[in-house]
Amino acid sequence: MIRLENISKTYRTDKVETLALKDINLHVNKGEFLSIMGPSGCGKSTLLNLIGLLDQPGAGTISVDGAAVKSYRDKDVAQLRNQTFGFIFQSFHLINDLQVIDNVELPLLYRSLPARERKQRAREALERVGLGARMEHYPNQLSGGQQQRVAIARAIVGRPQVLLADEPTGNLDSQMGGEVMDLLLRLNQEGTTVVMVTHDEREAKRGSHIVRVFDGQLVS
Amino acid sequence: MFRHLLKPLWKRKSRNLMLTLELLLAFIVVFAIAAASTRYYQLYSLPTGFAHESVWSVQMERAQDGELSNESALYDQLKRSLEAMPEIERVAFADFSPYVRATWQSGVYLPDSGAEMATDMMHVSDDFFAALDMDLQQGQWFSSSDEGSAELPVVINRRLADAMFPGQDAVGKRLSEGAPGSDNSSMLRITGVIGEFRNHGELMTPGNFILKRFSPLSSRHGVSTLLLKLRPGTGRIFEVRLNEQLKLIRNDRSYRISPLTDLRSAILGESIIPLIVLSVIAAFLLLMVAFGLFGVLWQNTTRRIPEIGMRRAAGATALQIYWQIVVEQLLLSSAAMAVGLILLVQLPITGVFGDQLNWAVFLIAVLVSVALMALVSVVCALYPAWRASRMSPTEALRYE
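From first to last, the protein sequence lines are chains A and B. Mapping of the first sequence onto the working numbering: residues 1 to 220, in sequence order. Mapping of the second sequence onto the working numbering: residues 221 to 620, in sequence order.
Treat the hints as calculated values from the structure; they're not laboratory data. Mixed in with the good hints there might be a few duds.
As the list claims (entries may be wrong) - A few chain A residues facing chain B, derived, Cβ under 10 Å:
{"hint": "1", "residue": "Asn82"}
{"hint": "2", "residue": "Leu108"}
{"hint": "3", "residue": "Ala115"}
{"hint": "4", "residue": "Leu164"}
Said to hold, decoys possible - DSS-like cross-link-like pairs, simulated, lysine-lysine; straight-line CA separation at most 25 Å:
{"hint": "5", "chain 1": "A", "residue 1": "Lys119", "chain 2": "B", "residue 2": "Lys393"}
{"hint": "6", "chain 1": "B", "residue 1": "Lys449", "chain 2": "B", "residue 2": "Lys432"}
{"hint": "7", "chain 1": "B", "residue 1": "Lys467", "chain 2": "B", "residue 2": "Lys449"}
{"hint": "8", "chain 1": "B", "residue 1": "Lys393", "chain 2": "B", "residue 2": "Lys432"}
{"hint": "9", "chain 1": "A", "residue 1": "Lys15", "chain 2": "A", "residue 2": "Lys205"}
{"hint": "10", "chain 1": "A", "residue 1": "Lys119", "chain 2": "B", "residue 2": "Lys227"}
Backbone N, C-alpha and C define an ideal beta-carbon position, used for all residues, glycine too.
Make a model of the complete structure from these sequences and hints.
Right, here's the structure in full:
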């Protein structure tokens, strides 16, 4: 599904050069639930960003569905992100001035879909995450767990092949975190590939496969 | 997509209120300047009805004020003596010169119906029309053949003719000065109709006008202005000789000699300078609005950087982000302008400014002010939009 070969990433400022990732080789199989673990600052979020084409590697090749990403032209990677990936962030990144349904509809705005179909799909996605009754609410009227479920609905509304979750339970208490994990596992069981960054060993173990990052390198 | 842009703007209405009010105020000020400029241009494009080139005005000033009596011998002497000078082609007399602020307004009546019409008027001598190269549309100029007529011969402009005699030929018709039947009423007989006569010049609002015959022989009151049509090539140096000649004719008067070209420049300047001052003030206001707009947009886009990161993650291209910021700003400006338009359109509908703000002026002023405000909005949005679109998705998502 996704293959990373000899991936390195270096961040440069005027005076300092920081090696974030070094010679990463990773294969994410279709339908698996991959957990990425590691201490803070080890490069796991950078790895997730590279997988999701939010960032460009310094060296190496990323292949999506067997096709190597050659051009990082903005238009091309934007289309790949829109069609292939769904993103879930620790801080939800919901737009507080938009209703829940409009937040969920957002990735579909960057596709040529009629408004009626966009709305229908957003409704379906919200129903899948159990928030069918909260469509007209605004994000700040919801609990943290509900907000993360909205973010998940937004991530799955475009029916992506891969869900990329960056510490999705990091801002939630254990009960809400548990609910979000259950939801991700259910989506995985329904066929969506999930790649999740987490600090939590217990959550990581609920996935099908764990990789650990330390000092920018894969250690297992 | 459009609805998605409008919704957050509506949700943020309280935050956007001050900015919208600022835009509204700027729009109204820009509209006012644009309307005034358009009206001036519209007026400037209309004919004045006379030629000012090579015509000099001589204002005869007496030591004492008071009603001017007709000194027929003086007028005759002035005319013969001045026309004998090789530089002078023609000499005419009038109450006052074109391009000076003097106005004489009165009512005239239809003798039969008593219908009244307000009009500007002035006395002019027979040579006035030729001196100012005026064109006649109907009838004929009054002349010495009208001397002794019981009814005062007059030439009126087309506007007055159409108002008083709609669908009829005005030549030969009579008007009454003073209400018909009253003691002080006197009859005017129309000998000719001219197209237009705007004595205050290019920026004068067109109105009704009557040119009444001044006869040095028979008019009760005198006039104090000479209009001299000079031969081509006569320079300003002639003014000295002219003054000497005038002093020879009548030494107890002073003479203010001014080419109509100078009087025209002066009166145009008087009208345009306030507009220029207002324009400078408006430009400063617009600059302040632009700075304010830029600051608010900068702050808004900075606050929304994580949202922009999320949109990029969801598949938005940098270009789409760029246009989103610009279009959002245009929508906000459009909202302010829509409110402004609803208020401003009441002016031509109610006719509160009369012909000064006719529909043509209104529409052009609206187009100009909308275009200018849109331009300011877009220019102010360009840099914040560019900055937002240039950020990488990861950078934007991490931004706090």
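Going down the list of hints, with the structure as the test:
{"no.": "1", "hint": "Asn82", "result": "holds, 2 Å"}
{"no.": "2", "hint": "Leu108", "result": "holds, 9 Å"}
{"no.": "3", "hint": "Ala115", "result": "holds, 8 Å"}
{"no.": "4", "hint": "Leu164", "result": "holds, 9 Å"}
{"no.": "5", "hint": "A:Lys119 - B:Lys393", "result": "violated, 77 Å"}
{"no.": "6", "hint": "B:Lys449 - B:Lys432", "result": "holds, 20 Å"}
{"no.": "7", "hint": "B:Lys467 - B:Lys449", "result": "holds, 19 Å"}
{"no.": "8", "hint": "B:Lys393 - B:Lys432", "result": "holds, 14 Å"}
{"no.": "9", "hint": "A:Lys15 - A:Lys205", "result": "violated, 40 Å"}
{"no.": "10", "hint": "A:Lys119 - B:Lys227", "result": "holds, 15 Å"}
Figure legend: structure checked against the earlier numbered hints; hints not met, in rising order: 5, 9.
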